[in-house]
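Colleague: Using the working numbering, read the sequence shown as starting at 75 and increasing by one per residue.
The set of hints was computed from the structure by calculation and includes no laboratory data. Predicted model, so just to flag it, every value in this text is computed and none were measured. Be aware that a few hints might be false.
[Claimed, not checked] Pair ranges (Cβ atoms, derived):
| no. | residue 1 | residue 2 | range |
| --- | --- | --- | --- |
| 1 | Val275 | Glu158 | 32 to 40 Å |
| 2 | Arg203 | His165 | 46 to 54 Å |
| 3 | Phe255 | Gly279 | 17 to 25 Å |
| 4 | Leu157 | Glu122 | 47 to 55 Å |
| 5 | Glu155 | Arg203 | 24 to 32 Å |
| 6 | Glu158 | Glu122 | 51 to 59 Å |
| 7 | Lys168 | Gln261 | 44 to 52 Å |
[Said to hold, decoys possible] The calculated EDC-like cross-link candidates involving lysine to aspartate or glutamate, where the alpha carbons are at most 20 Å apart (straight line), are:
| no. | residue 1 | residue 2 |
| --- | --- | --- |
| 8 | Lys174 | Glu230 |
| 9 | Lys121 | Glu104 |
| 10 | Lys202 | Asp184 |
| 11 | Lys168 | Glu158 |
| 12 | Lys121 | Glu137 |
| 13 | Lys144 | Glu156 |
| 14 | Lys153 | Glu163 |
| 15 | Lys136 | Glu120 |
| 16 | Lys249 | Asp238 |
| 17 | Lys249 | Glu230 |
| 18 | Lys131 | Asp141 |
| 19 | Lys115 | Glu104 |
| 20 | Lys174 | Glu158 |
| 21 | Lys174 | Glu163 |
| 22 | Lys249 | Asp280 |
| 23 | Lys142 | Glu132 |
| 24 | Lys113 | Glu132 |
| 25 | Lys202 | Glu158 |
| 26 | Lys129 | Asp141 |
| 27 | Lys153 | Asp141 |
| 28 | Lys202 | Asp187 |
| 29 | Lys174 | Glu104 |
| 30 | Lys115 | Glu132 |
| 31 | Lys135 | Asp125 |
| 32 | Lys129 | Glu139 |
| 33 | Lys131 | Asp149 |
| 34 | Lys144 | Glu132 |
The beta-carbon is built from N, C-alpha and C at its ideal position, and this holds for glycine as well.
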Amino acid sequence: MATDKYNDILDQQIPLQQPCPKDIHAVLREMTALVAEQKVKITFLEKENQDNVAKLKELEKKETEIDKLKQQLQDQVAKLEELERQTKEIHDIKQQLQVKRVAFSASLLDKGDGHTGPFNAHTTLIFKRVFTNIGNAYNPHTGIFTAPVRGAYHFEWYIGAHGDASHGTCAVLFKNGEHIFSAWEHQPSHFGTSSNAATLVLEVGDQAFLRLWINNKIYDNQNHHSTFSGHLIFNM
């Protein structure tokens with residue numbers, strides 16, 4: 075009896091546990107919608123990925139172009155530097171050719187005649203009448219020659235003065251502050267002359283000039299008795 079009763083109860087519960095066809099269709103619809111939604115998302119992601127791949131390729135292409143431009147720029151810079159170097163070499167050669175032409179010659183007075191000195195101190199002589207000044211190394215306002223290039227230079231000077239029992243004529247060549255050679259003459263009554271010359275090695279900026287020695291005098295006129303000359307022999 076008990077068994078029959080249990081079977082009756084079981085027969086009543088089994089229909090309740092079986093799914094309803096409507097529920098199955100609903101689940102299938104949800105799954106279908108979900109799958110469709112995932113497909114859409116996948117399609118979107120694939121499209122987005124393709125776009126990113128295209129952008130990456132474009133970026134790589136631009137980077138390659140930039141690298142090429144950088145290389146071209148470096149090549150142009152190298153060519154420009156080489157051109158500048160060659161231009162500087164040409165300029166230096168021109169400068170060397172120009173400074174090889176250094177020579178001057180000047181007399182004491184520009185006009186008139188007369189004695190200069192005597193003075194109570196050594197005095198730099200300014201040779202004002204310039205005949206030649208190739209390279210413009212001699213300054214007619216100061217009487218000083220300034221070496222434009224290192225080299226061997228030759229200088230000559232000639233002086234004269236009327237006879238004087240108390241005063242002779244003496245001009246001393248100086249290299250910067252160094253006493254080099256002197257030309258001296260003393261005639262009590264007649265016109266006296268003297269001369270000297272020197273070859274000096276001068277550095278760029280070194281100066282050469284003549285000083286009238288203390289208590290001496292020097293004469294000049296339009297015949298140009300007293301002169302100072304110099305020229306570059308060769309570069310060093």
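Colleague: Confirm or reject each hint.
Modeller: Status of each hint after checking the structure:
| no. | hint | in the structure |
| --- | --- | --- |
| 1 | Val275 <-> Glu158: 32 to 40 Å | holds (33 Å) |
| 2 | Arg203 <-> His165: 46 to 54 Å | violated (34 Å) |
| 3 | Phe255 <-> Gly279: 17 to 25 Å | holds (21 Å) |
| 4 | Leu157 <-> Glu122: 47 to 55 Å | holds (51 Å) |
| 5 | Glu155 <-> Arg203: 24 to 32 Å | violated (49 Å) |
| 6 | Glu158 <-> Glu122: 51 to 59 Å | holds (52 Å) |
| 7 | Lys168 <-> Gln261: 44 to 52 Å | holds (50 Å) |
| 8 | Lys174 <-> Glu230 | holds (19 Å) |
| 9 | Lys121 <-> Glu104 | violated (25 Å) |
| 10 | Lys202 <-> Asp184 | holds (5 Å) |
| 11 | Lys168 <-> Glu158 | holds (15 Å) |
| 12 | Lys121 <-> Glu137 | violated (24 Å) |
| 13 | Lys144 <-> Glu156 | holds (18 Å) |
| 14 | Lys153 <-> Glu163 | holds (15 Å) |
| 15 | Lys136 <-> Glu120 | violated (24 Å) |
| 16 | Lys249 <-> Asp238 | violated (29 Å) |
| 17 | Lys249 <-> Glu230 | holds (13 Å) |
| 18 | Lys131 <-> Asp141 | holds (15 Å) |
| 19 | Lys115 <-> Glu104 | holds (16 Å) |
| 20 | Lys174 <-> Glu158 | violated (24 Å) |
| 21 | Lys174 <-> Glu163 | holds (16 Å) |
| 22 | Lys249 <-> Asp280 | holds (7 Å) |
| 23 | Lys142 <-> Glu132 | holds (15 Å) |
| 24 | Lys113 <-> Glu132 | violated (28 Å) |
| 25 | Lys202 <-> Glu158 | violated (42 Å) |
| 26 | Lys129 <-> Asp141 | holds (18 Å) |
| 27 | Lys153 <-> Asp141 | holds (18 Å) |
| 28 | Lys202 <-> Asp187 | holds (13 Å) |
| 29 | Lys174 <-> Glu104 | violated (102 Å) |
| 30 | Lys115 <-> Glu132 | violated (25 Å) |
| 31 | Lys135 <-> Asp125 | holds (15 Å) |
| 32 | Lys129 <-> Glu139 | holds (15 Å) |
| 33 | Lys131 <-> Asp149 | violated (27 Å) |
| 34 | Lys144 <-> Glu132 | holds (18 Å) |
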